[in-house]
Each structure stands twice: as structure tokens, then as C-alpha cells.
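J.: Spelled out, the chains give:
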Amino acid sequence: MDAILLQILNGLDKGSAYALIALGLTLIFGTLGVVNFAHGALFMIGAFCAVTVQRILNLSFETIDPSKTDFLGNPLKVQSPYVVEWFGADFGNAIIDWSVPIAILFAIPIMIFVGFAMERGLIKHFYKRPHADQILVTFGLAIVLQEIVKYFYGANPIPTGAPEAFRGSFDFGVLLGFDPNAIIYPYWRLIYFSFAAVIIGGVFAFLQFTTFGMVVRAGMADRETVGLLGIDIDKRFTFMFGLAAAVAGLAGVMYAPINSPNYHMGMDFLVLSFVVVVVGGMGSLPGAVAAGFLLGVLESFASMNEIKSIIPGIDQIIIYVVAIIILLTRPRGLMGRKGVMEE
Amino acid sequence: MFGLNKKDASLLLVVAVLTMFAPFILNPFPTDSGLAQFNAGYPDLMQRFVIFGIFAVGFNILFGLTGYLSFGHAAFLGVGSYSAVWMFKLLSMNVIPAIILSVIVSGLFALLIGFVSLRRSGIYFSILTLAFAQMSFNLAYSVLTPITNGETGLQLTLDDPRILGESVTADGSIPVTNLFGMEMRSAFNLEIGAWDFQFSVGYYLCAVIMLLTFYLAIRIFRSPFGLMLRAVKCNQNRMRYTGLNTRPYTLAAFVISGMYAGLAGGLMASMDPLAGAERMQWTASGEVVLMTILGGAGTLIGPVLGAGFIKYFENIFSKINDNVLHQWFSFMPDGIEDFVVFIIHPFIGKGWHLTLGILFMLVVIYLPGGLVEGGQRLMSLFKKDKADDDGSHAPTKHPAE
Amino acid sequence: MGILEVKGVGKRFGGLQALGDVNLSVQENTVHAIIGPNGAGKSTLLNCLVGKLIPDTGSVMFDGQSVLGRSPHEINQMGISRVFQTPEIFTDLTVLENVMIPCFARRDGSFRMHALGAVSNERDMLEKAEKMLSDVNMLEKAHLHAGSLSRGDKRRLEMAMCLVQEPRLLLLDEPTAGMARADTNNTIDLLKEIKTKRDITMCIIEHDMHVVFSLADRITVLAQGTPLVEDTPQNIKGHPKVREAYLGEAHVD
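Chains as they are written, first to last, in our numbering: chain Z, 1 to 343; chain R, 1 to 401; chain W, 1 to 253.
Derived by calculation from the structure, the hints in this document are not laboratory data.
On a predicted model such as this, the values are computed, not experimentally measured, just so you know.
Hints may be right or wrong, so weigh each one.
Below, computed lysine-lysine pairings styled on DSS-like, alpha-carbon distance capped at 25 Å [said to hold, decoys possible]:
no., chain 1, residue 1, chain 2, residue 2
1, W, Lys-154, R, Lys-233
2, W, Lys-141, R, Lys-7
3, W, Lys-128, W, Lys-192
4, W, Lys-154, Z, Lys-128
Using the sequences and the hints, build the whole thing.
T.: This is the structure we're talking about:
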């Protein structure tokens, strides 16, 4: 029992990331009808927002401490970050420590801006082109974005720490009445899951309870009719692109402490997220979220030694196997609607 | 000629002449000149041109004709490579059985994947092929290690049980791949003045096979079968109500293009007998998509051009560094020179992929027909200018258009 | 015994009974029209005949063989061709290629791996296609892209593509829908010509009474998924039930 629970928990953080990216992909696909291969790059840019904020907060100036010497006997150079100088040691160091959560504040406007720029500058011109063209141009954009990041940040993963308070793990099992040490769970993963749940809840509430969301949902169902009603659906769709970009970006920011960001993390996640979208059902938001968590948890189960000893290598391919089975038995995915992406 | 019409025959002839004389054509600069680094006439690179040409021509039979965008074609390339290396290990160092096996195995593999994937179309098909290829890649890295040798890649060793041939040569090394005794890596050097031309057996084998496959592709394009494939791309509904079963047509195209990919993989292994899982990764599948689109999907010569273009610039561009740039722009005043070099720097050397990505986006946006369409546009511009000139001399003959 | 025998066909979509209990007999070498108000089930019936839909009950026999459970291409190979409401043609191919595809389908069956021959060497097929095109007065457009044709020409092309297969039964789904009067008359002339020149059975679904009465030998009136009457055009014109269900409604404005 506790082993099963542990695997479910382990699957949740990856599942959260899948769900967030898939949610954005589905928003874009459902509203704009565009297949966005550059969505993984948005996730990656988000993660690098965290890296950048951490670097900015760590910007230091150099002072020479004459009282100490280094091993060569020269006066010791001391690096002290500006924030420490400005806000004092306690508060300044706390700011540096909390750089990833702080990055969220920066990432939101940046990601919305990137999303707007992408939609207005590029995607807009592809609404009427075939899906293959959309895939190709966004694939090219993904390469460009990831090469730009590689140019500035290098090819190696950049470790980006969570705040001190959330490093390490806690005994989750005890809370639920299991034996101590049965379920040890890192704090940050729990935070990531809660964060994802809040964002997903927020997006759904936004679509459900605001007039804006209502129009967008109507547009997802029947774009032409909504256009005929005299509603400027295009502007709202631009905003949706910004929103989807922000969701992917935030997923990336918060993922930075779990997996050190590197320039190709976006592509790695994109392939899986597409599989998630297809499994959930193209154009279905609840489907995307459900499939994200489902596949994350399945992946985690498949990596249990007990399972691997029965079917070797299953952890590597479980997601693809599930996707293939689902696509062949339920062509529209778990919750897909009729008429989406069909001839 | 060869059952082709005049236009196709001359196209084949041009390609044949270009590939046969490639060692000369691609080596225009003397060996000791500063421009020698732009020479592409060395066997290793030329082999890659033609091998990737085969890969792209095959991909084009699927994507260019039927419109099915596969994102998993590298899987067939990888399978072809593995099969060829196993043939070298078990049977003989002769490349013929290895190449035959790689085509057969990849064809069977394509039959399996195509049978499943082609039940869906559009984006679903792309995702399915992507999923299959990633699955093969992951399996090659993990469970199938006994067959693929995992991360290290499959290589020849000194204790391979080669049935027809020796495990070890007399001097204690691994024997090399050959075609009835002609070693793939052996080359004939021709020095003319400051130029050094290399004619390698491996390149000419690849080139001949490429010409054969290119010829086959032309025949397929012009055949009733090719017409049916173009009809699939256009209107499957009408096809069904015209009494045609679309599934076997698409499956046949998929298997043929998978066999082309396998052939390319087998040739790759024949030139350099090792195979790694990274050949199956989806970035490799993406590369052949880039080549085909960049050259011109659905055209005959486009994929070959695209493959040559990408492989040439990948090799040459990535060799240019800041020093080279400073040399080129040394005529400029210092400040401006540094600035120009600074601007160009991200796009060269390791930044080649950035250039490729931008170029690819530009092609998709402005030139959906790829380099071929670009060439046609240039030609028509040129012709128009000429026509205008004629018009000015004899205005009465040409009424206003 | 007609060439097409529909017996007791019913089809239900969720709560909607689209077709009730349809019986229909189309005699060889006649033009049989099916008319009825919107939502009468005309298109559903047609889709059941060509294999797009499978009826819940009943049987559909073509020339003594059941078509039920067969896929559209198999049904076509049995000798049933279909013209769509909006012309379905291969817009990226030339007009000539459009007509050659059904020629190959007729000769080679539903699939043939004919990858090494050249289309340009298929003399018989080329001649056949060109003959067909000249029959519909489109020979001079043979090398145009089908997508660039006018709507009327697209319709003629689609008709040519069906006729070149020499089908025994040609199904036409509102062949004049959305056409101008002149185009409609042209289509009527074309169909009349086909009727006199060839041994062909036609089954037309049509809204336009003018078309129906100038072509049909027999007319079936469909309302709410069941046939009301089946009779000759003269008798249908005066039939009170038909006026009530269909013509009366149409004559209000």
C-alpha cells in the first residue's frame, strides 16, 4: 500500500509538468487551431527565467579584505552580492535564497510578452495554412529558441536551487498513518504539485466563470459562429496564447530546482506532452490534465523494480505504449470530441 | 531513355554527371589556399551527401507524394545500421549482404509501424510515428542492449564469428568493409598542380546506389502508383468513392520510404561499421524533414539538394571561427570589424543550428516549395527580364501582358 | 426485380429516427429520383447505399448482392459511382489526371502496385480519358489544374470521373445545388444526354422540381424517414399527399 502511494506521489511532479504543458498546448490548439511545436521551448524559457533571476540576484561586486590573505599571501578578494549590500545580510541572503519563487513574478510578464510576440509575429500568419506547415514552422522556431538559449547559457545543465527551507525531504507517510520512513517525499515536489494544481484550477475557473472565458470556450467549440456574433475573437485568442505561454513558463520556472535547466529540456518534454495531449484527446482541457497525471504516475509505476523485473525496459516505453494503444482503440483519445483534427 | 521522358532523363543525367564528378566539382580551391576549408570534396563528406540524399529522396516518396508527415523516419535508418553491422559481425565484411539485409529488415519494421500508424492521419500520424521512433530509441538504449550494445553503440570486435571471412586479419586488426575485395576506405589520389582530388571506393559505391534509387524515385513519381499517391494527398474521400483502397497505397509508400531509410543506414554502416542509438533519435528524424522541406517537398531533385545543402553547411559553417571572420573582414576599420564579427559570431561554428533554424523558418514562411521553388522564381525573373528586353526592341510583337 | 433493391432499411441516430422503413426498387436503365423536404432522410439513405453508413435494419441489394458491410471502395468496384453535393475532385491534379485515376481504378481494381510503368505510356487509358473529356466538352481544359476550374466545370469533371468508370448505377446527390439557372439547365442537358447515350441507371436526390420532372422516370417521395409514394412524375405532380408534405410547403412563398 505504502509502496503504491509512494509511486503515485513520485509520479505527481512529472505528471504536473506534463499536465501544465499539455494544458497550454490544448489551449492553443483548441482556440487557435494551431499545432505548436515550440511550446516546449516556452517551458524551457520559463526555466531559464529562474536561472536568470538567480544570476541577477547573485550579481556581486568585489572588495579586498586586507585582514585575510589567500594561500599565495595576497589580500583576499571577497565577492559580495549587491542585494546583500543594499538590504543587509539577513534580508539580502533571504532574497537570493528565494530566487526561484521570486522568478515567478518576473516570468509572468516575460512569458506573456513572449507569447504575444510569437502569436502576432509568426503564428498569426499560419492560421489558414495546413497543419503540416504549422508543425514545420513552429519546429523551426523551437530550434531557433533553443539555440539562442544555448548561445547565452551554454550547453550544460545549470543547477538552480530551491529555497533552503524547502530543500530536503519529509516523512509524508507518518502524516497518513504509515510507518516512519515508508514514504519520504521531497518538499519541493509537493510544492510543485500544489502549484500546478492551483494554476490548473485557476485556468479552469477563468474559463468557466468569466465572460472572457465563456467566449473563448464558445470559440473552441465553433470559431466561425462566434466570429459572426461580432466578437473580436482574434484579440482574445492572442491573449489565450499569452496565457498558454505563461502557464508553460511557470511550469518551467518551478521545475528548475527539480531538474537543472538545460537548453534541450523543452524538446524532451514537448515530445511527451504531445503524446499526453493525444492520449487525453486533442482539444479537451480536462483530458490533457487527466492524461498528464495519468501518464506521469504510470511512468513512475513502471520504474518500480518489481515491474521492471517482469517486463524489462517498460519504464522507458510505457508512455508510448499507452499512447499507441489508446490511439488505436479510442482514436479520439480519452476525452476527445468528435470532429477535432479529423478529415 | 531508361523509360523516362526527355525532361526526366536529362535531370537524371545532370545528377549523374554531378555525382560522378563530385570529387572535382566540390574541390574548386587549391589545397594550400585560404579557401581550402570550403572544399567539400573529401570522401567522408561526399559520402554523407549521397547517403542523406538517399534518405531524403525516400522520405519524399512518403511526405512529398502522400502528404503524410512522419516524425519517426530515423528509426528505420537506425535499424538499417544495426542490421548491417550485425551482418559484418556474423557473415562477411562484404557490404552487399549487409546492405540487402538492412533494406529487408527496415522494410519489415516499416511494414509493422506503418500498419499501425497509418490507421490515423494528420497530426495523429505524426505523433504515432514519433512515439514509435522514440520507443525504438529508448529500447535500443536499455533492454535491447544485447543487440544494440546500448550507449556505446554496436561495433566490430576482434572475436566476431564471421562465417565467410576471418575474425582477425593477419596483422591482428579488425578487417575492413569491402566490395568483393575493394576496400571501402581505399581511395585514389590525383594531384594536379595545387589541387588534390580524392576518389574513394566508398563514395562511388554510395553514389551509384544513390543514382539507382534516384532513378527508381523518378519512375515511381511518373507511374500510375505515384499518381495514386498524389491523389491520396489531395482527396482521400474521392479516392474511396472511386473504388480505390487508400490504405495499401499509403502503406506501400511508407514501406518504400522506410526501405530507402534503411538503405541509407546500411550504407552509413558500410562506410564506417558502427551503429549507435542516437541515429534513431527524433532530432535525426527532424533532420530529414528539414532536408526535404528545405530542398522542396514533392519535387524530384529537392530532397537531394536539401540534403547536400544542409550537410555542406553543417560541415563548412561549423568550421568557421572568429579568426576566420577577422581575416575576412580585416579590410574594415578595427571597431567596425569587431562589431561585424560580433554580430555574425552567434550564427557560425557551434551556432550553425541557429542559422539552420532561421533559414528553415524563412523557407517555410516565404518559400513553401523550398530551394526548387526559389530557383524557379529566379529563373522566371530572369526570363521575364529577358522578355522585357526583347519587348523593348520589338514592341509591336508583344502586346501588353 | 430492380437493379437496386432496398428493403426495410432503418437508421437511428441517438434519439432521432432518420430512416423508418424504407423500401425502394430502382429498375435498370431508368432515372429514379428521390425527393422530400429537408430532414426527410434523403442523404442518410444515400449514405447507406454507398457504405458510408450501415443501416440498423433491412437490406440493400445491388444486382443480387448485398452491399451492407462493404466499404465504399468495394461498393464502387461493384459498379456504383457517386456524385457529391459539392464536387469532390482532386484539386491539385490536372483535369486529365483526375479522369485517369478512375480509369486505372476500373482496370486495376482497388489496389495495384503499378510503380514502374509510366502514366504517359498508358495509351489506352489516355485515350479513354480524353474521349470522356471531349464527351463533356472539357478536352481543351485537360491540362489545367482541377482546382482552378469554375464550379460548373468542377461538376462536369466529377460527372466525367464517374462516367468513365462505366458504372451500372450512378448516384447523384443534389447535382444542381447552389447552381445558377443556366448551369442547372446545362446539367440537365448533360444528364439527358448521358441517359440517352449510355446504358445507365441513375438515382438522383434533388430539391429542384424542375430538374426532377425533366429527368426522372420514377419518383419516390420521402418524408420523415419513410417513403410516402412512389410513382411516375405525372402522377406525383397531382398527388394530394405529396402536395401536403412537400410541394404545398414549397409553394407557400
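J.: Does each hint hold? Answer for all of them.
T.: Hints, verified against the model:
For the hint linking Lys-154(W) to Lys-233(R), the alpha-carbon distance of about 19 Å falls within 25 Å, and the restraint holds. With a C-alpha separation of about 23 Å, the suggested pairing of Lys-141(W) with Lys-7(R) holds against the 25 Å cut-off. Distance check on the hinted pair: Lys-128(W) and Lys-192(W) sit about 21 Å apart at the alpha-carbon level, within 25 Å; holds. Simply put, Lys-154(W) and Lys-128(Z) have alpha-carbon atoms about 23 Å apart, close enough for the 25 Å limit, and the pair holds.
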